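Asker: Sequence:
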Amino acid sequence: MDWPSRFLIGFLLWIGFEQGASLGQDQVPRLCVVLGAPGEPLYGDMFQQWAQSWSESSQGTTVQWIGPVNPAQVSPAQVSPAQLGVVDGTSDRERLKAWIDRVEQVPDERTYWLVLMGHGTHDGKITKFNLQGSDVSAQELGQWLSGSKHRWVIAVCGSSSGPFLAALSHPNRVVIASTKSGSESNFSRFGGFFAQSISDPESDLDHDRAISVLEAFVSASRRTQRYYEDNQWLATEQAILDDNGDGKGTPADFYRGLRLIKRSEEGKVDGLLARGVWLKEPFQREGLSSEDKSLIEQLEKRLDDLRAQRSSMESLRYYAELEEVFLQMARILYPASR
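Throughout the sequence shown, residue numbering follows our numbering, covering 5 to 342 in sequence.
Hints may contain errors.
[Claimed, not checked] DSS-like cross-link-like pairs, simulated, lysine-lysine; straight-line CA separation at most 30 Å: (1) K184 to K153; (2) K305 to K266; (3) K252 to K101; (4) K153 to K284; (5) K252 to K184; (6) K184 to K284; (7) K129 to K184; (8) K272 to K284; (9) K305 to K284.
[Stated by the list, open to error] Computed Cβ-Cβ distance ranges for the label pairs, DEER-style: (10) R321 to D212: 43 to 49 Å; (11) L292 to S268: 28 to 34 Å; (12) T94 to R314: 54 to 60 Å; (13) K272 to R114: 37 to 43 Å; (14) S316 to S79: 49 to 55 Å; (15) P339 to G249: 30 to 36 Å; (16) P175 to D212: 23 to 29 Å; (17) G151 to S268: 27 to 33 Å; (18) E98 to D234: 36 to 42 Å; (19) Q136 to R306: 20 to 26 Å.
Keep in mind the hints are simulated off the structure, nothing from the lab.
Fair warning: this is a prediction, and the values are worked out from it, not measured in the lab.
No residue lacks a Cβ here, since even glycine has one placed at the ideal position from N, Cα and C.
Work out the full structure, taking the sequences as your base and the hints as a guide.
Answerer: So this is what it looks like as structure tokens:
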């Protein structure tokens, strides 16, 4: 690294330290973006572009950056307070663990995002995400988060990332892996498309002017598939999402838009939680109490249940119950229209 780059990084960290001294626990960065060891310059350039996409998508948010992030690719305002006070010699693995530990000190339940982008390895037993220095395994990351009271959105975007899904699965957690299994070991491009999709208006499948985790997942999966088709290559990755805590995961082809069109053999549905979590909430939900947000989630689940039962219900009853659910949602989201 050249002298100007070292100076800029040091300056940004110093600013973060000065600001961080007076921050409370409630100001811990809610988004952590981890860039893994690139291995080759080509991948390093790609990871920097993906980081820039996250920087642009999260404007106004303090971000915990970990890994070989180029300061020129991210907004200086997003440099996290004190970078947890780390100094030269602290490994990326230690930085990640320190951020998680700090999150767990926050007393109130909140939603935190962890995005890992890079390469992964799987030897048949142990799956790891490659960091600069010591790597982190799926089991280790699962242990670090095992007692968390918070809601999490975790995206492990790398080759052989499938086993992370089962290791991180939890009822109050959205987990995304770039590959369905550990044996999908070729370079994964899903992470780049996910970084684009999280703020791309074309990903807004329900046209509410906000992009949920489910929308970004479906959109990124389609773009990944299209990439392989356009290049006439056999797809070597299939991303999966789990948000019901069963650790099995669901691919994007189970959805048409946001509506589930297939059922797994176990009959358990993924996507309900992911559909109601955003990096930036829709304007309709801004200012809602936690109780009202919970009611909206229950009503959305009721809509899914009704649609699944449509073929076995009389039309009049189906539309009457559908109307009642929509009216209840409108009373919460648009109280002035009562």
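Asker: Now tell me, hint by hint, if it's right for this structure.
Answerer: So, going through the hints one by one against the coordinates:
Between K184 and K153 the CA atoms are separated by roughly 27 Å; this keeps the pair inside 30 Å, and the hint holds. The suggested pairing of K305 with K266 holds, with an alpha-carbon distance near 16 Å, which does not exceed 30 Å. Restraint check: the Cα-Cα separation between K252 and K101 comes to about 26 Å, which is no more than 30 Å; the hinted pair holds. Using a Cα cut-off of 30 Å, the hinted pair K153 and K284 holds, with the two alpha carbons roughly 21 Å apart.
A distance of roughly 9 Å separates the Cα atoms of K252 and K184; the hinted pair therefore holds under the 30 Å criterion. The straight-line distance between the Cα atoms of K184 and K284 is roughly 28 Å, inside the 30 Å bound, and the hint therefore holds. Taken as a hint, the K129 and K184 pair is honoured in the structure, with Cα atoms around 15 Å apart against an allowance of 30 Å. Using a Cα cut-off of 30 Å, the hinted pair K272 and K284 holds, with the two alpha carbons roughly 28 Å apart.
Proximity of K305 to K284 is assessed by CA-CA distance (about 21 Å); at most 30 Å being required, the pair is judged to hold. As the Cβ distance of R321 to D212 is approximately 28 Å, the hint placing it in 43 to 49 Å is violated. For L292 paired with S268, a C-beta distance near 32 Å keeps the hint of 28 to 34 Å intact. Between T94 and R314 the C-beta distance comes to about 55 Å, which sits within the given range of 54 to 60 Å.
Checking the proposed 37 to 43 Å range against K272 and R114 shows it is violated: the Cβ atoms sit about 26 Å from each other. A hinted range of 49 to 55 Å for the beta carbons of S316 and S79 is consistent with their spacing of about 52 Å. Separation of P339 from G249 is about 33 Å and conforms to the stated range, judged on CB atoms against 30 to 36 Å. Between P175 and D212 the C-beta distance comes to about 25 Å, which sits within the given range of 23 to 29 Å.
Between G151 and S268 the beta carbons are some 29 Å apart, a value that agrees with the proposed interval 27 to 33 Å. Roughly 41 Å separates the CB atoms of E98 and D234, a value that falls within the hinted 36 to 42 Å. The given range of 20 to 26 Å is broken by Q136 and R306, whose C-beta atoms sit roughly 47 Å from each other.
The structure is inconsistent with the numbered hints 10, 13 and 19, although it conforms to all the rest.
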